[in-house]
Amino acid sequence: MPTNTVITAANEAFLRRINELSGEKVTRCEQCGICSAGCPLVAEMDRTPAEMMRMVQLGDEDIAKSKTIWICASCFTCTVKCPRGLDPSKVAEALRQLNLRKAVDYIDLMNIPKEEMEILPQIALVSAFRKLTG
Amino acid sequence: MEDKKDIMQIIADANKSVTTGIDSADIEHWVWIHIMGRAYQVPAGLTIMQAMEYAGYKFITSAGCRAGFCGACATMYRKEGEYKLQTAMACQTRVEDGMFLVQIPFAPAQEATYDITKEPYAASTLLEHYPEIARCVACNTCTKACPQDLEVMDYIQDALRGDYKKVAERSFDCIQCGLCAVRCPAEITQFNVGMLARRMYGRYGMTEPEYAKARLTELDQGKYDKEFKKLLAADVEELKKRYAAREREAD
Amino acid sequence: MKIPYYPGCSLKTSAKNLEVSALAAAEKLGIEMVEMPRWNCCGTVFSLTSDDLMHHVASVRNLVRVQEMSENGSVDTTNKMVTLCSMCFNTMKSAAKRVRENAEDLVKINSFMDTEPDYNGNVQVLHLLEIIRDMGFDKVSAKVTRPLEGLKIAPYYGCMLIRPKEIGIDDPEDPTIGAQLFKALGAEIVDNPFKKVCCGAYHTVHNKDTVIELAHDILTHAQEEGGEAISTSCPLCAFNLDNRQKEIKEKYLKFKEMPVFYFSQLMTLAFGLGEDACMFEANYVDPRPLLKSKNLL
Ligand code: SF4
Ligand code: SF4
Ligand code: SF4
Ligand code: SF4
Ligand code: FES
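Residue numbers (the numbering used here), protein chains in the order written: chain A, 1 to 134; chain B, 1 to 251; chain C, 1 to 297.
It is possible that some hints are incorrect.
As the list claims (entries may be wrong) - Below, in silico cross-link-like pairs of lysine-lysine (DSS-like), each with a Cα-Cα straight-line distance of 25 angstroms or less:
(1) Lys118(B) x Lys114(A)
(2) Lys81(A) x Lys108(C)
(3) Lys80(C) x Lys165(B)
(4) Lys165(C) x Lys81(A)
(5) Lys240(B) x Lys223(B)
(6) Lys208(C) x Lys12(C)
(7) Lys97(C) x Lys102(A)
(8) Lys84(B) x Lys118(B)
(9) Lys213(B) x Lys223(B)
(10) Lys25(A) x Lys165(C)
(11) Lys65(A) x Lys97(C)
(12) Lys12(C) x Lys118(B)
(13) Lys108(C) x Lys143(C)
(14) Lys114(A) x Lys165(C)
(15) Lys240(B) x Lys213(B)
(16) Lys25(A) x Lys67(A)
(17) Lys114(A) x Lys28(C)
(18) Lys208(C) x Lys183(C)
(19) Lys229(B) x Lys114(A)
(20) Lys114(A) x Lys152(C)
(21) Lys84(B) x Lys108(C)
(22) Lys249(C) x Lys166(B)
(23) Lys292(C) x Lys183(C)
(24) Lys139(C) x Lys152(C)
(25) Lys67(A) x Lys16(C)
(26) Lys25(A) x Lys97(C)
(27) Lys102(A) x Lys65(A)
(28) Lys165(B) x Lys108(C)
(29) Lys79(B) x Lys108(C)
(30) Lys114(A) x Lys251(C)
(31) Lys108(C) x Lys166(B)
(32) Lys114(A) x Lys183(C)
(33) Lys108(C) x Lys144(B)
(34) Lys139(C) x Lys114(A)
(35) Lys240(B) x Lys229(B)
Read the hints as simulated data drawn from the structure, not as lab findings. Computed from a predicted structure; not experimentally measured.
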């Protein structure tokens with residue numbers, strides 16, 4: 001979990017940016033952990049969805065470098081479960097977009113093996129490229 | 001190289017602006033244009049290419065056929081007071097007052113290498129060589145940019161779902177100018193996708209035309225050998241004469 | 001009912017069996033699905049950031065096609081469209097909702113799409129399953145000529161058909177629409193505790209291992225409850241649950257293959273529309289041996 005105790009202007013700016021991009025009021029998260037408990041992909045993540053929310057609350061930019069934001073598959077399980085009506089999937093998307101908008105690709109689309117290309121349905125490619133390439 | 005330059009010069013001379021030899025005092029209508037940020041006054045009625053030459057530019061690239069076929073002379077411009085970024089072929093479009101012009105001699109793109117005999121006739125072939133087609137956001141910018149008025153977005157969409165026939169039909173008149181590609185937010189090189197699709201369709205999708213089959217058999221049987229020998233022996237003058245007198249299909 | 005139909009890219013390739021069977025089953029129920037002219041890929045995932053309008057353009061362009069069809073009388077519904085793929089459904093319904101509720105976004109997108117007629121914001125995006133439910137499952141039962149007796153189906157819903165709440169066609173916590181449909185077809189229903197757990201979706205492209213784990217969980221839980229086959233309405237779920245069984249078998253030696261049906265294939269089967277309308281040969285795990293063992297083929 002984040003260790004900073006003093007919230008700097010930069011931290012606040014980061015929180016504001018993510019609120020704005022995600023359309024969520026991340027400060028409303030009460031850290032109940034229900035999102036993490038229900039997340040089907042939490043085992044793969046380096047930060048749980050609730051931790052992600054907390055780090056954004058504290059303006060800790062390291063969350064934008066986490067594995068978590070790329071692992072989240074926008075399955076909306078947390079979306080329907082959060083008692084505060086928050087949508088962590090939107091927060092994860094905002095954090096991905098922070099990276100992707102700098103023209104950084106998370107996957108190398110030129111190196112998908114030929115055998116895979118021959119069987120993957122288009123929806124797999126289109127969604128992966130939308131979520132993971134800038 | 002020297003030869004090549006001469007050819008470029010010969011073509012340029014043959015297409016010299018219609019104003020050559022006319023005293024500028026006799027030219028009635030003038031327009032102001034900007035070429036790469038510099039303002040020039042040129043006679044109205046010239047093509048963009050002629051106007052640039054009139055202004056003193058010399059094309060050593062970005063020009064070829066001067067007839068709207070080769071796709072070399074891609075141009076982008078905006079007009080004074082307009083927000084739209086327009087595209088055109090410089091040899092085909094007349095200058096207008098207030099154009100801000102630049103030539104786009106080349107759209108950076110790498111063509112996929114493939115052995116067409118080994119590629120499966122399936123959607124995956126296009127996606128494997130050009131996976132970026134799955135990034136198309138259907139913005140239609142490419143269609144708006146195409147000087148050939150092709151439905152470029154639609155053929156990329158056809159490509160994504162592996163409809164070779166439609167891609168081939170819709171991209172048939174592509175002159176590989178690259179204007180679609182430089183405008184595409186998804187970084188797709190549409191003209192290369194169209195080319196691969198047309199090749200695939202030609203090989204696997206189309207039925208072999210009977211007349212071509214018959215002609216190939218005749219060639220194999222040596223039916224035209226005598227005529228070929230005659231042509232090979234003919235001198236340049238004779239060839240020119242025969243070229244001028246050849247049978248032509250209607251345009 | 002004659003309604004504009006949006007297929008989506010995958011239904012023209014890997015999920016041809018979904019399209020063929022669904023069109024045949026719908027026709028039997030008196031629903032004529034008219035493929036939209038000049039449709040484009042919807043983008044498959046609804047963009048979730050507040051300012052990213054560009055990624056809604058593709059969906060809205062398709063909605064314009066629906067509007068045109070309503071206006072030119074090529075269908076007899078007004079401003080309605082039907083989808084089969086859960087992802088297309090979710091993406092386009094979400095986009096339709098966003099521009100319906102945000103007038104400013106609609107104006108921006110309309111002015112960006114300056115070569116299209118303005119979108120009026122009124123199109124309703126439907127999934128075939130909800131159209132069938134609204135007709136009444138008794139109408140479905142009435143068409144059954146070959147009840148799926150003894151076939152134990154574990155309906156799988158995944159994500160995009162049921163979440164988020166405002167978009168889904170059923171209770172996001174306890175969906176039953178599939179179970180009701182298959183019951184109407186005469187099948188036995190097995191409740192899978194993993195029926196709404198994500199299959200890993202597009203991770204299948206770059207992170208196959210995650211998908212193998214999730215798919216293994218989903219399939220084995222269905223089997224533990226006694227399920228003999230699983231159902232889906234999504235070509236990506238189908239790919240992950242069906243085709244990836246190859247990798248699951250390599251990793252989990254005890255794993256036993258299990259057929260994955262599109263909901264519509266079970267309909268054409270029970271309606272007795274013939275194997276051409278079922279296209280079982282396009283499924284990765286061949287369901288025919290199971291169906292034969294139940295005397296359903
Ligand atoms: S949307 Fe993302 S964070 Fe939320 S449950 Fe799904 S994978 Fe986990
Ligand atoms: S479920 Fe909602 S309130 Fe609870 S930790 Fe997650 S985001 Fe915060
Ligand atoms: S499709 Fe692209 S490359 Fe071809 S003519 Fe049109 S703009 Fe030029
Ligand atoms: S410009 Fe690119 S992203 Fe836009 S429609 Fe054309 S191919 Fe698709
Ligand atoms: S010079 Fe060939 S198209 Fe213009």
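Worksheet item: For the pair supplied as a hint, Lys229(B) and Lys114(A), is the alpha-carbon distance within the 25 angstroms limit?
Response: violated, 48 angstroms
Discussion item. For Lys118(B) and Lys114(A), compute the direct alpha-carbon distance and say whether it is at most 25 angstroms.
Written reply: holds, 13 angstroms
Worksheet item: Do the alpha carbons of Lys25(A) and Lys97(C) lie within 25 angstroms of each other, as the hint requires?
Response: holds, 21 angstroms
Worksheet item: Are the Cα atoms of Lys65(A) and Lys97(C) separated by 25 angstroms or less?
Response: violated, 32 angstroms
Fill in: Pair hint outcome, Lys114(A) versus Lys183(C) [Cα-Cα no greater than 25 angstroms]
Violated, because 41 angstroms separates the two Cα atoms, which is more than 25 angstroms.
Worksheet entry | Hinted pair Lys84(B) and Lys108(C), Cα distance within 25 angstroms | Within the cut-off at roughly 16 angstroms; holds.
Item to complete: Take a quick look at whether Lys213(B) and Lys223(B) sit within 25 angstroms of each other, Cα to Cα.
Response: holds, 14 angstroms
Worksheet item: Quick one, are Lys81(A) and Lys108(C) close enough, alpha carbons at most 25 angstroms?
Response: Violated. Lys81(A) to Lys108(C) sits at ~33 angstroms, over the 25 angstroms cutoff.
Worksheet item: Under the criterion that the straight-line Cα-Cα distance not exceed 25 angstroms, is the pair Lys67(A), Lys16(C) satisfied?
Response: violated, 35 angstroms
Worksheet item: Quick one, are Lys80(C) and Lys165(B) close enough, alpha carbons at most 25 angstroms?
Response: Violated, at roughly 30 angstroms.
Discussion item. Please verify whether Lys84(B) and Lys118(B) have alpha carbons no more than 25 angstroms apart.
Written reply: Between Lys84(B) and Lys118(B) the Cα gap is close to 44 angstroms, so the pair fails against 25 angstroms, i.e. violated.
Worksheet entry | Straight-line alpha-carbon gap Lys79(B) to Lys108(C), limit 25 angstroms | holds, 23 angstroms
In summary, the structure is inconsistent with hints 2, 3, 7, 8, 11, 13, 14, 15, 17, 18, 19, 20, 22, 25, 28, 31, 32 and 34 from the numbered list given earlier, while agreeing with the others.
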